[in-house]
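Undergrad: The primary structure of each chain is shown beneath.
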Amino acid sequence: MKTVLHVEQLSGGYSPNRAIIHELNFDIKAGEMIGLIGVNGAGKSTTIKHVLGLMTPHQGRIEINGITLKDNVEQYRSGYTYVPETPILFEEMTVEEHLRLTAMAYGVPQGQFEVQSEQLLERFHMTKKRKALTAHLSKGMKQKVMIMSALLAKPSLFIIDEPFLGLDPLAIRSLLQELVEVKQSGSAILMSSHILATIEHYCDRFIMLDQGKIVAQGTLQEMLQQANERNNQTRLAVTGLEEAFYALLNGGDA
Amino acid sequence: MAEQNEIVELWYSRKRSFTREIIPYLRYMAQSGFPAFLSLISIVSIIQYISLINNVPPNLPIAWIGAIILTPFLSYSPLRTYLQHPDLIFLMPAEHQLAPYVKLSSKRSFRNSLLLLMALVLIFWPLYRQSEGYIGLWLVVVLIILKSLNSYFAWQERRLNWNSTRMSLRILRWLLMFVVVLSWLMHRNLIVELVLTVAVAALLFVIYRRLGKFDFPWQRLIDEEKATLRRLFAFFNWFIDVKGAPPIVKPRRYMAWLIKTVKYSQSNTFSFLHIITFVRTEIGGICVRLLLLGGLIIYLFAAEQGLNGWGVVVSYVIAGMLISLQIGTLRKTHRHAIWRDIFPLQTQLQHKQLIAVERMLNYVTLALLLLPTIPMWGAGGTQLVAMLVFLALYPIWRSRRLAVRLKKEDEDDF
Chain H
1334 MKTVLHVEQL SGGYSPNRAI IHELNFDIKA GEMIGLIGVN GAGKSTTIKH
1384 VLGLMTPHQG RIEINGITLK DNVEQYRSGY TYVPETPILF EEMTVEEHLR
1434 LTAMAYGVPQ GQFEVQSEQL LERFHMTKKR KALTAHLSKG MKQKVMIMSA
1484 LLAKPSLFII DEPFLGLDPL AIRSLLQELV EVKQSGSAIL MSSHILATIE
1534 HYCDRFIMLD QGKIVAQGTL QEMLQQANER NNQTRLAVTG LEEAFYALLN
1584 GGDA
Chain C
57 MAEQNEIVEL WYSRKRSFTR EIIPYLRYMA QSGFPAFLSL ISIVSIIQYI
107 SLINNVPPNL PIAWIGAIIL TPFLSYSPLR TYLQHPDLIF LMPAEHQLAP
157 YVKLSSKRSF RNSLLLLMAL VLIFWPLYRQ SEGYIGLWLV VVLIILKSLN
207 SYFAWQERRL NWNSTRMSLR ILRWLLMFVV VLSWLMHRNL IVELVLTVAV
257 AALLFVIYRR LGKFDFPWQR LIDEEKATLR RLFAFFNWFI DVKGAPPIVK
307 PRRYMAWLIK TVKYSQSNTF SFLHIITFVR TEIGGICVRL LLLGGLIIYL
357 FAAEQGLNGW GVVVSYVIAG MLISLQIGTL RKTHRHAIWR DIFPLQTQLQ
407 HKQLIAVERM LNYVTLALLL LPTIPMWGAG GTQLVAMLVF LALYPIWRSR
457 RLAVRLKKED EDDF
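Chains as they are written, first to last, in this note's numbering: chain H, 1334 to 1587; chain C, 57 to 470.
Calculated from the structure, these hints are not laboratory results. Every residue gets a Cβ at the ideal spot worked out from N, C-alpha and C, and that includes glycine. Any given hint could be a false lead.
[Said to hold, decoys possible] Some, not all, of what chain C presents toward chain H, calculated at C-beta under 10 Å:
(1) Gln186
(2) Ser187
(3) Leu329
(4) Leu401
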């Protein structure tokens, strides 16, 4: 499988003297969905910002499809789309115009845009809101617009930060279905989330951060195994991602 | 008593901090040459107005003109309360003690809008004196009474439960005030005018009394305060970057055709964005208002051939520059947008398209401003050429200036 995202020895932070993330190493392959997990302040968003190219690393290398930001800015950026934790929309645009803007920015052919935007509006139950200004939408609907925009661009990597915040159950199901399809089409997904019970069924692998360091990574089985190894004092078997998370975080105090 | 004093002190401290906040912006505005612009417009308008007063056409509908000009200033009753969102938590429990707070706000707002109205009456007076319905200082008395009534009714409107009812009643109040002011300016029969005024006041009083109201319209006052500040800072944004606030967004369907002119293509991404920003944010709204106001002034000069036709040129240039200044604020709207750094497009492309959009909008508005000059085309060849030269060259000069600014801003950001 082709490596879509390659992160090597990545350290960085908001000031040159103080690193928030430390020597991160991980790869994401085409067709993989990776769950980035950790408590608040663990370094998930900082990692994502580095991958997006919004922060300059103290050290390390980030490649999307084998290209670094320095090699070619446009090519690097065309390799991903991003759904932020809090919807950041152009509030003066309608839902339809927002989708159009994103499709234009990513060079999606017009015919393809028209067909896909219709499908997405229907799937996310937003057809009636297509002419609504995004300024007048609820937070959940704004998040749907962000997700639809990302799905329209169809790059090789989707970076999604806390996608379920503010979404109703129907929208969560639609999003997960879409993400499975995205994955099957060969794109990779890096998703940060606190909803462990949901993502454990969908992600192929997990990267767990604590205080800016990777404390565990692997498939669900590998995470459970690592958690059980650390949890042997209590002799209780860890069977789910949530339990594994507590066990790995507290070093065996699950 | 001590709590009441605290409430009063809170109002004064908020007023002081507001004044402190805007003083630097006023300084920037003063340095920008904008007051000079306004003075120029005023001088030109005064010259024109004096010539009108000296030669009032026999059939000039002075009463109608007066009613059209005075009604908005009479009916519009803004209220600055300095209330903020956190007040819903921290000040709401003291709602029963807020009477002195609101009283201070009402007094200040009433005083300011009454002064504005009186200033307008003073300007209108020389023309009014020559009308058939002249009743002397009694008009001032009537206007003060009507202004007080409007302030009271505007407060009752703020308290109404439903926004739609509030809007409908506001329109009704403005229309009724227009009729009342017109009747006083025409002055055919004192009894009729008195009865009409009392009847309108009584009608409004009964309507407002019957409708459901909040005791204290917190949300509405906070929204009104926010909207006032947004407008104020949008104005200051003409002169300097102002702290970020979400823009006021309106559909403005009558300008939607502009958006449709942008073809679907990757290279037009930022043109699409900037045109929409122009149409839907306050930038477009202000430009339309300036276009109408500028167009009216230009037309009046053109119709009268004021200052041998050069009055048209001066007002055309001033209106064009003011609108262009407003269009120029497009540059600032998405300067720090995260998508600029995420979309796979070069920053230079955004700059190029922003410059093109601004130039196009400058050409369109300057071309539209030429329309009201038509009445002087036959007589003022040189003046027309001067305006055409301005139309052709000014947008190019603005584009070059914008390119330099964008480059400098990029260097600063880097």
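Undergrad: Indicate, hint by hint, whether the structure satisfies it.
TA: Going through the hints against the structure:
no.	hint	verdict
1	Gln186	48 Å, violated
2	Ser187	46 Å, violated
3	Leu329	6 Å, holds
4	Leu401	6 Å, holds
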